[in-house]
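As a plain string of letters, each chain reads:
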Amino acid sequence: MEYRLGEFFVIADAEVELIKITGQVRAFAEGCGVKNGIAFVITQHTTTGITINESLPCVEKDIEEQLERLIPTEYPFHHNHYLPSYGTIGGNAPGHLKSLLTGNHCVLPLIDGKLKLGDAADIYFCEYDGIKKRKYLVYCMGEA
Amino acid sequence: MVIDTHIHPALFAPICRDEKKLAFRCEEMNYHLMKPSDLALLKKQWRLADIERVFLLPEDCSFEKGQAAISNEEIAELMCMEPALFVGFAGVDPRNENAAGQLENAFETLGLMGLKLNTAKLKMFPYDDRIKALCRICAQYKKPVIFHSGMCLEKEAYSRYARPADFEELADKFPEINFCLAHFGWPWVQETASLLIKYPNLYANTALMSFDGPVQLYHKVFKEDMGEYWVEHNLADKIMFGSDSPRIRPVRSKKGLDALGLSAEVKEKLYYRNALRFLGREA
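If you're matching them up, the sequences are chains A and B in order.
Heads up, the first sequence is in this note's numbering, so the first residue is -9 and it goes up one at a time.
Heads up, the second sequence is in this note's numbering, so the first residue is 62 and it goes up one at a time.
In short, the hints are calculated from the structure, not lab data.
Where a beta carbon is used, it is the ideal one built from N, C-alpha and C, also for glycine.
Don't take each hint at face value.
[Said to hold, decoys possible] What follows is a list of derived Cβ distance ranges for each label pair: (1) A:I1 - B:P261: 42 to 48 Å; (2) A:E64 - B:P248: 18 to 24 Å; (3) A:P66 - B:A161: 25 to 31 Å.
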């Protein structure tokens, strides 16, 4: 069994943004030396997500707007208060909750050295608390 | 356009190279679990709030602590990197014997644009003669002064030294100096408002993040603690936008103010025109 880890950084252009990372994930997964196995894409943060969906601007907009309808930014969340452990105001409750909905990872098979992604599928890093420097991992395990 | 009159550059990467110094600074200023950010990232964050100029505030309690948490040299270093963006303020500890010389040096050699003092942290009342001596230098150099006012979240900083009413004597005795009561003197916001209508040279900023989110807090302060029309009809020329970053990201602070429903004309004043006048640069 082989194990390979790639670490990647991403910086959004907006507070909330779906950032397509398919190319970066594919390049690492298909070049890491694991031929048959599994690739995990995992965000390191609790106010971001990883998801797979169709890369159409209208779909991306619908996802962002539906998440906002479900979790309105200006709702008086419990998290909106002074946090002595940080010395800051907790202003990112919507990010935590949106992260909950898209989850922190996706899993894809690697077969014959190719990432098996559906025809309409793209992988997204979901920024819900931007703008920050973010890190996600691609972890591949399987036979060389 | 927006001018943020209240940013502490404690976590700006170019001045965070020394880990020991950074740890001291964060402990003093009560910032935890946050990492330094490079200027490119910060500029991207500020663009979300249309911020085009930023007041950089120092922190000097060196008489007690042996060193400044954010020194004038560090402010000047940042200003040199982005002269069109940054307006650097000087900090000196008035209890140091050479405070006057340090301030003159900050204006003459480092090119800093004003003075920032935190009397809560310094444990000095605003009407202390040592502070008046520094104000005389600011008057001579035609530089504005920003005072922390009201409650301070920093370590060993006491509100009783920063009540808005205690700054009145300075506003009265130095009419040629523009003063800003940062944080709107919170929680004594009515006290601050009363001084703002009396003294033409007195301003306040909105850096008062302490409770709830910006939408809730600004509504409470500017629509409930104060009368419905106080900002729009009475104080429109006296309030400047200030975020208090890094305690909150400026874009969030601005969204809270946007939600107050102020007129376009007043928002323009609050977001940049008043800050330009405060600096002596009319729009």
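Against the structure, the hints:
1. Under the hint 42 to 48 Å, the C-beta atoms of I1 (chain A) and P261 (chain B), about 44 Å apart, fit the expected range.
2. E64 (chain A) and P248 (chain B) have their C-beta atoms about 23 Å apart, which keeps the hinted 18 to 24 Å range intact.
3. Checking the proposed 25 to 31 Å range against P66 (chain A) and A161 (chain B) shows it is violated: the Cβ atoms sit about 48 Å from each other.
Of the numbered hints listed earlier, the single one contradicted by the structure is hint 3.
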